[in-house]
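Go by the hints and put chain B onto chain A.
Residues per chain are reported as follows:
Protein chains: 2
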Amino acid sequence: MRIAMLAPISWRTPPRHYGPWELMTSLLTEALVARGVDVTLFATKDSWTAGKLAGVSPASYSENPAIDAKVWEMLHVAHVFERAEEFDLIHNQADFVPLAFSRMVETPVVTTIHGLSSERILPVFKTYNDRVHYVAISDADRHPDLRYAAMIHHGIRLEDFPFNPYGGEDLLFFGRIHPDKGAAEAIAVARRAGRRLIMAGIIQDRDYHHKQVAPALDDGFVVYRGAVGGPDRVKALGSASALLHLINFEEPFGLSVVEALASGTPVIASNRGSMPELIDHGVTGFLVDSIDAAVDAIGRLGDIDRAACRAAVSARFTVDRMADRYLDLYRSLLG
Amino acid sequence: MRIAMLAPISWRTPPRHYGPWELMTSLLTEALVARGVDVTLFATKDSWTAGKLAGVSPASYSENPAIDAKVWEMLHVAHVFERAEEFDLIHNQADFVPLAFSRMVETPVVTTIHGLSSERILPVFKTYNDRVHYVAISDADRHPDLRYAAMIHHGIRLEDFPFNPYGGEDLLFFGRIHPDKGAAEAIAVARRAGRRLIMAGIIQDRDYHHKQVAPALDDGFVVYRGAVGGPDRVKALGSASALLHLINFEEPFGLSVVEALASGTPVIASNRGSMPELIDHGVTGFLVDSIDAAVDAIGRLGDIDRAACRAAVSARFTVDRMADRYLDLYRSLLG
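From first to last, the protein sequence lines are chains A and B. If you use my numbering, the first sequence corresponds to residues 1321 to 1655, in order. If you use my numbering, the second sequence corresponds to residues 1321 to 1655, in order.
Just chain A, with the same shape it has in the complex (with noise of 0.2 Å):
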């Protein structure tokens, strides 16, 4: 079976640091070669992998400013179905873009939604519906008027995330420095339950960061670190009590939830998007629905077994469980 899978060209794969689409195209490319499957991954030239690596893109355009986003994405996507014909299956991961050329070529198409950013988009997926596979994240992701071939959650290894029995007493917020993520909304509950918060993500909106986030750190009792990655990313996600997970949106996946129950720490969310789909209340954290039932809910924190988080996770949200779904899925759509 020779796949070739498309990652988003906005990171490196698998990415530095931030590139959670980038970071699943890798996870599942390198579980599928560890399987026999021939994989080319079509990505940014700066990438890696243990397959077949092509690409056109010399950089990421993120993370490199003579990289025209548009001009790149085009030759990049324009790439891969230039060479259709060598595969048998194309997985684009790299958003709505390549369905335009997918009725080009006789190749079947397998599009995972990382998310619906806006209705606005909805009318290319729904020009497609007929044309491409589309996989879903999440129950809470699918769109009712989109087909979808299967919904297939995300999966990580567990053995990135080493299990930390202990924890800490310390909140966490783990994720990009945006409205939709909560960072003002985990700052109010921190304070109101008198505990030191840790926050570490990339700042996405400068001007929510200068007022939420950082006259909260005068004290320290909030303490921003950045964006981080590697072991102190290991160690932010196994050394919390819990993560506070206050979205202000539908998301799709939150893969930082996943990380956080899989070292142990389990989870305070929103009650809504995939959050229900990922947390199990009362077991593995807590879905609430306003600021007082987060603080109400770290005093219940004493409740959570953080053996069950992790076990959790080794039942429902690794990468082999999801390369298996996909391998699944690629055969019957291949007969």
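Hint data in this document are derived by calculation from the structure and do not stem from the laboratory. All residues carry an ideal CB built from backbone N, CA and C; glycine is no exception. Misleading hints may appear alongside valid ones.
Unchecked claim - Sample of chain B residues facing chain A (criterion: CB under 7 Å; computed from the structure):
1) L1395
2) E1402
3) P1428
4) I1441
Relative to the frame of chain A, chain B by itself:
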């Protein structure tokens, strides 16, 4: 000969007021249809042609905030390439996205390069150098790294710009309010010459307008008329003593320059970009290198015969000449 003419969807084709790429696409389409060519115009669905209209986007993205530019551009471009077999030739007037589809079809593709906005977009044009037949719109705009099938100047409908043998005393600025177009320079020159300046065009750079244009309007010697279309545009172009076109960039073509000349109005322009191809120095206007030289040129406007301005356009910049040249190109490519 079955031609697919691919317009941009930034504006309706033809545009309501601003939209030079859509305007040229419309002029060429209608001139070809008048010659009996079977042209299908791919444009927004509210566009008009005497040929066949094909479109997917309900409206243009610059006129309708519900239209996501990238989504609808992809659907629009995919539409023509999915139907490529119905045509002998695809003529792309819509920048570089269509290039990425060109190797997916057998149909020859002609691309009029309306301007290389930056070196950052060059990689995509270079990638398709051997596949797509490029047309430059001036010798000045030829890029040394690209191979061109032809250079074809834009042409206008002479009957749309009646000759005004008298002109008037006022100077005219006609173009986008943007540093590129030299609005501030036109104001400075008019003041030094003690002449009234009439300004017309969309505000593309609000900050520049606020700082450079708005303060000049107080004493009545500079008058900003906004986006001027229809009969008002024709009148403005014909009733000036000269068009001031003191551009600060290598303009690939100057449509308002040719329109002014057709109306009998000479042009004082920066000696750069395509200007030397459009203006005969001392005959139809003046090519200048400084504010001083532009002021001097106003003193020499009496040397210019307005009939010579119109005659130059009649000989070199009509839509009929442009259509004949494109038709010659199509025929040579189709053998």
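Hint by hint, here is what the structure shows:
1. L1395: holds, 6 Å
2. E1402: holds, 5 Å
3. P1428: With a closest approach of 16 Å, the P1428(B) hint is violated.
4. I1441: holds, 5 Å
Hint 3 from the list above is the single one not met by this structure.
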